[in-house]
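Undergrad: Top to bottom, those sequences are chains A and B.
Here the first sequence is numbered in this note's numbering, starting from 1 and rising by one per residue.
Here the second sequence is numbered in this note's numbering, starting from 1 and rising by one per residue.
In case anyone wonders, no lab produced these hints; they're calculated from the structure.
Since the structure is predicted, the reported quantities are computational estimates derived from the model, not experimental observations.
There's no promise every hint is true.
As the list claims (entries may be wrong) - The calculated lysine-lysine pairs, modelled on DSBU-like cross-linking and capped at a C-alpha distance of 30 Å, are:
1) A:K56 <-> B:K243
2) B:K56 <-> A:K243
3) A:K243 <-> A:K56
4) A:K97 <-> A:K337
5) A:K337 <-> A:K56
6) B:K317 <-> B:K56
2 protein chains.
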Amino acid sequence: MLIIDCHGHYTTAPAPHQDFRARQLAWLEDPAQPMPRPGAISDDAIRDSLEGNQLKLQRARGADLTLFSPRASAMAHHQGNEAVSAGWARACNDLIKRVVDLYPDNFVGVCQLPQSPGVPIAHSVGELERCVRELGFVGCNLNPDPSGGHWRSPPLTDRHWYPFYEKMCELDVLAMVHVSASCNANFHATGAHYINADTTAFMQFIEGDLFKDFPALRFIIPHGGGAVPYHWGRYRGLADMLKRPALATHVMRNVWFDTCVYHQPGIDLLVRVIDLDNILFGSEMLGAVRGVDPQTGHPFDDTRRYIDALPLAAADKRRIFELNARRVYPRLDAQLKARGL
Amino acid sequence: MLIIDCHGHYTTAPAPHQDFRARQLAWLEDPAQPMPRPGAISDDAIRDSLEGNQLKLQRARGADLTLFSPRASAMAHHQGNEAVSAGWARACNDLIKRVVDLYPDNFVGVCQLPQSPGVPIAHSVGELERCVRELGFVGCNLNPDPSGGHWRSPPLTDRHWYPFYEKMCELDVLAMVHVSASCNANFHATGAHYINADTTAFMQFIEGDLFKDFPALRFIIPHGGGAVPYHWGRYRGLADMLKRPALATHVMRNVWFDTCVYHQPGIDLLVRVIDLDNILFGSEMLGAVRGVDPQTGHPFDDTRRYIDALPLAAADKRRIFELNARRVYPRLDAQLKARGL
């Protein structure tokens, strides 16, 4: 059995990378200057940033492979403009590609998209295509709120997003619905905005008919599906009240939840109410919560422990750890098969 | 043991009441006309609106008493202006008072507040005081987002809200954090906006130091605390990462969750992770979800069944059904004692 972590971000990228971002944003103050370019980062700097962090924890926790994308909170699509966002996404994705090339057994690439408030999503298609066709990435993170907590884009079920979905289907890649930093003081990024976005996306899928138009479109709603599994009765009841089809057919053929839920009772609930075929192992390591749970003595985000503790057959755990991911990421499956895995 | 439902809204108010609202909003188009006044509603119309609905279900489900407030989704603080909102809140609260007078054994009043985007919260103090001192209400619903899904007010921990908290403490009344309708197409009201607001408020309380300034201030976060219990590990971990005190002392001396979670697994999780002293029985009946769960054959919002099914001692269930409510609503407790209960 492979242990595939579907949710990892490069939160420890070398300093010159974040410095490039700072120079980008500073450049906006004086755009007569030439646009900044990414700074040099050595292979050793990349190795150093990973060996003591994600790689160490992969080994310690027994994960084989992480689907690795740029730091979500740093996407910050609300900052800058379309050109800045495009340059930043490209630099972030190129760095992920270098990580994958240095550690092809440990990481598979998932891309950040260039998005900006008010910019048509069709402008994000090129970077997706580049990352999938040229860099070998297997998915992307799609931000439903590039305004950063002001929620000024149409719902994910709106035709606004369709040009992007067409390309996702053509490339047969999945999107994780993932917001970024919040510039709305009401919403702490990882404590409110992320979880709210997950809940919001799910309810949009109930209200809309997106998967009738795109039967093959696939999303992960991360962080255990936000509030949804805890309120599963509410969502089943709302679907009924709104005269929508049952969730199993209307939404759950196209949507998966990860296991980024940082305590045993939450994971227990998740597997109790959600079909195991809709759950992908994920940890978001190193991400939102990096400490040790004093109640267990283990890191909050060591989500493998919670799955291991479930009273499930080994074959069922394998669905969560490996098989569901290989099914929903066909390009990942193809890469693994090419390696004889 | 009394069964006290802390979360009921008058969702079935007679037609002239909603008609008054329609005339209010129409008046905004032509404010040279005299401001509309509430239409006449007979006692019989009020009885009719309740007998076949909330009262029938109270009896069928064995609840004794509902803390009853105006329909939350109709507060719609984003519509109209300060004068319209004030007139609407007063009419809604006066109608609740009539319900309480007609059925003093079944209902206790909780008030809607006049709020409007950009209007100082000090302007809401008068209606709270009127409802508590003159009408005998025991609490209020406070909307953290009067913009209706655009989230343009400061966080609940901001000094913006302090004039209202001072009055709450003076009157010794509790607020339920409760948003209203959403005018942001991203957020379905009961499926996303409500749950997101619950999650958001909790995270604001973690980030802030509100309860240091107001040690006696008390809130209910409804709908089972939004996403919070499901992600309890995340919130414990975030409090630690943000160098906040432990949740038990920093937030949970001042915050309670209700049981508006519409399936057994959700309620099981709630009582597993949240101290029983922080849980109040609530159903939101008749509210967001009115259908019958095909998995159980019982209404989704018959939350008493989920509590009854818990493997808890009778004394512990009594905390959830009665004693916690009497503790956090001292004015309710005084009213009950005056009746010999």
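Undergrad: Hint by hint, note whether the structure agrees.
TA: Quick rundown of the hints versus the structure:
1. Taken as a hint, the K56 (chain A) and K243 (chain B) pair is honoured in the structure, with Cα atoms around 25 Å apart against an allowance of 30 Å.
2. Of the supplied pair hints, the one linking K56 (chain B) and K243 (chain A) holds, its CA atoms being roughly 25 Å apart against a limit of 30 Å.
3. A hinted pair counts as satisfied when its Cα atoms are at most 30 Å apart, and K243 (chain A) with K56 (chain A) does not qualify at roughly 49 Å.
4. Simply put, K97 (chain A) and K337 (chain A) have alpha-carbon atoms about 20 Å apart, close enough for the 30 Å limit, and the pair holds.
5. For the proposed pair K337 (chain A) and K56 (chain A), the alpha carbon gap of about 25 Å is at most 30 Å, so the pair holds.
6. Our distance criterion of 30 Å between C-alpha atoms is met by K317 (chain B) and K56 (chain B), whose separation comes to about 23 Å.
When each numbered hint is compared with the structure, a violation occurs for hint 3 only.
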